[in-house]
Amino acid sequence: MLIRGVGNGTGSVFFKLYVLAFFIFLAAPLLAAGMFAFNDSQFPSLPWRGFTLDWFFNDSEPMLGMFHDRRLLRGLNVSFIVASAVALLSVFVGTCNAFLFVRHNFPAKNFFYILMVLPLVIPGVILGISILALASNVANGIEDSLNIELEFLRPGLLLVILGQFSFITTITSLVITARLKKFDISLEEAAFNLGGSRWHVLRTITLPFLRPAMIAAGIVAFLVSFENFNTTLFLVGSDAPLTITMYDRMVKVGSTPVLNAVSVFLMLGSGVLALVSLLIQRDKSN
Amino acid sequence: MTSDIRKLSLLLLFLPFSLWILLLIILPHIGMVYLSLQEKVAPRVYEFGFANYIDFFMEPIYWNTLIRTGLMSLLVTFLALLIGFPVAYYIAKLAGNRTKGTLFMLCLIPLWVSDLIRAFGWILLLRESGIVSSALVGAGLIDTPIEFLYTDATVIMGLVYTVILFMIVPLVSTLDGMDNAMIEAGYNLGGNGFTVLRRIIIPYAMPGIVSGCIVVFMMTAGSYLTPILMGGKNSSWFTEQIYDQFISRYNWESGAAFGFLLLAFTSIVVWVGLKLSGQTLTSTVAKS
Chain A
1 MLIRGVGNGT GSVFFKLYVL AFFIFLAAPL LAAGMFAFND SQFPSLPWRG FTLDWFFNDS
61 EPMLGMFHDR RLLRGLNVSF IVASAVALLS VFVGTCNAFL FVRHNFPAKN FFYILMVLPL
121 VIPGVILGIS ILALASNVAN GIEDSLNIEL EFLRPGLLLV ILGQFSFITT ITSLVITARL
181 KKFDISLEEA AFNLGGSRWH VLRTITLPFL RPAMIAAGIV AFLVSFENFN TTLFLVGSDA
241 PLTITMYDRM VKVGSTPVLN AVSVFLMLGS GVLALVSLLI QRDKSN
Chain B
1 MTSDIRKLSL LLLFLPFSLW ILLLIILPHI GMVYLSLQEK VAPRVYEFGF ANYIDFFMEP
61 IYWNTLIRTG LMSLLVTFLA LLIGFPVAYY IAKLAGNRTK GTLFMLCLIP LWVSDLIRAF
121 GWILLLRESG IVSSALVGAG LIDTPIEFLY TDATVIMGLV YTVILFMIVP LVSTLDGMDN
181 AMIEAGYNLG GNGFTVLRRI IIPYAMPGIV SGCIVVFMMT AGSYLTPILM GGKNSSWFTE
241 QIYDQFISRY NWESGAAFGF LLLAFTSIVV WVGLKLSGQT LTSTVAKS
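Quick mapping for you: the protein sequence lines, in order, are chains A and B.
Counted from 1, the first sequence has number 243 at position 243 by the UniProt record's numbering; the numbering is strictly sequential.
Counted from 1, the second sequence has number 136 at position 136 by the UniProt record's numbering; the numbering is strictly sequential.
Excised from the complex, chain A in its bound form (with noise of 0.2 angstroms):
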């Protein structure tokens, strides 16, 4: 069978073959999504014609380069401010409902806690739908009643970020909540006998506590929030987030190498954030 005894079992020549081949499985497409973004050819595809890095610098067509696409470049940018707001907002909300939970006792508090948790297990394409249904709905009714017209309840912006932090805030609460839950209350009963005021302790002693969670929390949500499709798709409005542009593009145009080129972008970049998150959450271990 294949646990045998911890340590060096007859097993473990098996078991390493085993788990060698699940990495290669884990890299192999994003090997293949990397690569093609150095081939110089139009299509990313084989054969290999020689290494290039007009994809991400040439400045004109046929091999216009990631970093003079217009359309790329500008759902770069509507990415970044999403997944920001998005952080900022979620990692607020979640260091609220991790003293709230972790602090305070009050009527039903384990459903409310249930209730934290729900927006995590509802799949992403019903919460876009739902939050798209009520804003409309909401939109129509002040339109009929009142004819006002309240364009921030149409799909764009405002709604992606909400529709996003929907489901993040969860995400950021249990980050912050299980970090809260570590701190040693007897600190600021210290702090509170030296004469700290309410305020003063929380700035000095509590949050910074928190803070290598709070940014590890706000990383996290930068990047699911970068990452997300589902929720984001039936909500984009005009400014569509890049996900949406290059999943337009695959589908509509066809693939070409700048997609590729991308994608590498993005895997090294939520690399490093994520290599970030994961160096500042070992510290805390400390």
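No lab work stands behind these hints, which were simulated from the structure alone.
Keep in mind that the hints are not guaranteed to be accurate.
Calculated lysine to any residue pairs in the SDA-like style (CA-CA distance at most 20 angstroms, straight line) [stated by the list, open to error]:
| id | chain 1 | residue 1 | chain 2 | residue 2 |
| --- | --- | --- | --- | --- |
| 1 | B | 100 | A | 12 |
| 2 | A | 181 | B | 100 |
| 3 | A | 16 | B | 165 |
| 4 | B | 93 | A | 14 |
| 5 | B | 100 | A | 274 |
| 6 | B | 7 | A | 96 |
Sample of chain B residues facing chain A (criterion: CB under 8 angstroms; computed from the structure) [claimed, not checked]:
| id | residue |
| --- | --- |
| 7 | 54 |
| 8 | 56 |
| 9 | 130 |
Built from N, CA and C at the ideal position, the CB exists for glycine as well.
Place chain B on chain A using the hints.
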């Protein structure tokens, strides 16, 4: 005095929480159900009724797609557990301390690469002019290029690929907390590998297994990109039907009914899973 401040801070903290849950989760879902119960009787005239749901059950293509999506999602969940468990066990229990950290990190990094790029990578590998097909022709194993995309098997493989890390990560953190002495004791008491796995390791890992399965099942049933891009026109995935009703046909009432049915269906599966395994939502998903 202090109790007043506590009450005030409780209220202040409850405000963002309740606004978030009420405005972005509860009201939208009520809105969706309300919309799904609107029958179109004439242009811009609606009546309350169950027509959208009746349409769903009268049209076999609709409910077949939902059942197909559910069954394939269960299969994907099972495969992800079967393939992922040994990997998680290796990382948590067999790898040395340094390898462990590296392997775990290797597992985390692809999580942050968008589904779109991962599906794109598989397309470049598997399509007729893709890398795998070219390599096989080059090696002389096949004469003409083969199209690997647009089959159920490819969609299932792609979905397992997309979700498996969400299975492995909670499994690693659960198994990590397990004392090796428990496994040794199992062997000392005369258990073989299979008994130890069944009687000690799996019961201990149960919260991680259930948590992983719930997240993976919901993600699979609600996924859109992988089935569309790797399964093409024949993927018949239920989210595609929802998109079709909303965006292509502009039939929001029926789309909302489909959305509610998907949510109800997945919730029932998760609820049954929790009951069967004796776990709760807070003891599993909320922990990871």
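Hint-by-hint comparison with the structure:
Distance check on the hinted pair: residue 100(B) and residue 12(A) sit about 15 angstroms apart at the alpha-carbon level, within 20 angstroms; holds. Pair hint residue 181(A) plus residue 100(B) does not hold up; C-alpha atoms about 26 angstroms apart against a cutoff of 20 angstroms. Taken as a hint, the residue 16(A) and residue 165(B) pair is honoured in the structure, with Cα atoms around 18 angstroms apart against an allowance of 20 angstroms. At roughly 15 angstroms between alpha-carbon atoms, residue 93(B) and residue 14(A) fall within 20 angstroms of each other, so this suggested pair holds.
Between residue 100(B) and residue 274(A) the CA atoms are separated by roughly 17 angstroms; this keeps the pair inside 20 angstroms, and the hint holds. At most 20 angstroms may separate the alpha-carbon atoms for a hinted pair to count; residue 7(B) and residue 96(A) meet this at roughly 15 angstroms. At about 20 angstroms, the closest approach between the beta carbon of residue 54(B) and any beta carbon in chain A exceeds 8 angstroms, and the interface hint on this residue is violated. Interface hint at residue 56(B): violated, since its Cβ lies 15 angstroms from the closest Cβ of chain A, which is beyond the 8 angstroms cut-off.
At its closest, the beta carbon of residue 130(B) sits 7 angstroms from a beta carbon of chain A; the interface hint therefore holds under the 8 angstroms criterion.
When the structure is compared with the earlier hints, violations turn up for hints 2, 7, 8 and for no others.
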